Amino acid sequence: MLIGVIRPTESRDLTAEGETLEAIHDAFMAQVPEGWQFTHSSVAMPKGSKALTATGRMARWGETREIEAPDLDALHTAVPEGWSLMSVRRA
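Counting from 1, one number per residue, gives the positions in the sequence shown under the numbering used here.
Just so you know, these hints were derived from the structure itself, not from any lab.
Note that the coordinates shown come from a computational prediction; the quantities given were computed from them, not determined experimentally.
Ideal Cβ placement from N, Cα and C applies to all residues, glycine included.
Heads up, some of the hints might be wrong.
Stated by the list, open to error - What follows is a set of in silico ranges between Cβ atoms, one per label pair, in the way DEER data are often shown:
no.: 1; residue 1: ASP13; residue 2: GLU66; range: 51 to 59 Å
no.: 2; residue 1: TRP61; residue 2: ALA23; range: 45 to 53 Å
no.: 3; residue 1: SER84; residue 2: LYS47; range: 37 to 45 Å
no.: 4; residue 1: GLU10; residue 2: HIS76; range: 54 to 62 Å
no.: 5; residue 1: ALA44; residue 2: LEU2; range: 20 to 28 Å
no.: 6; residue 1: SER84; residue 2: THR15; range: 36 to 44 Å
no.: 7; residue 1: VAL88; residue 2: MET45; range: 42 to 50 Å
no.: 8; residue 1: THR9; residue 2: LEU72; range: 34 to 42 Å
no.: 9; residue 1: GLU22; residue 2: ALA91; range: 34 to 42 Å
Start from the sequences, fold in the hints, and give me the full structure.
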């Protein structure tokens with residue numbers, strides 16, 4: 001029997017606007033729910049504007065689960081959509 005550790009691979013895009021980088025960061029953090037991680041952002045200032053606009057991304061990385069299967073092919077088949085196999089060990 002093999003045991004696999006899986007984690008979610010879901011990610012989502014975020015947008016934020018503000019007059020300072022701190023305001024943008026706060027706006028992003030307000031959008032990130034528990035169990036998700038803020039991964040990165042890109043900030044721009046449109047011509048003729050004092051406001052900053054930003055796009056960012058968050059991902060669900062903290063959660064892991066174990067799945068079992070008799071062989072490696074069956075273990076790969078048992079990985080649900082939106083999840084990734086991180087490690088495998090024998091039971």
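Against the structure, the hints come out as follows:
Hint check: ASP13 to GLU66, Cβ distance near 30 Å, so the stated range 51 to 59 Å is violated. The hint said 45 to 53 Å for the Cβ distance between TRP61 and ALA23, and at roughly 26 Å that hint is violated. Taken as a hint, the range 37 to 45 Å holds for the pair SER84 and LYS47, whose Cβ atoms sit roughly 41 Å apart. For GLU10 and HIS76, the Cβ-Cβ distance of about 19 Å falls outside the hinted range of 54 to 62 Å, so the restraint is violated.
Checked against the given bound of 20 to 28 Å, the beta carbons of ALA44 and LEU2, roughly 47 Å apart, lie outside it. Evaluation of the 36 to 44 Å hint for SER84 and THR15 yields a failure: the beta carbon distance comes to about 26 Å. Range check, VAL88 to MET45: Cβ separation about 47 Å, and the 42 to 50 Å hint holds. Restraint check, THR9 to LEU72: a C-beta distance of roughly 19 Å breaks the suggested window 34 to 42 Å.
Range check, GLU22 to ALA91: Cβ separation about 49 Å, and the 34 to 42 Å hint is violated.
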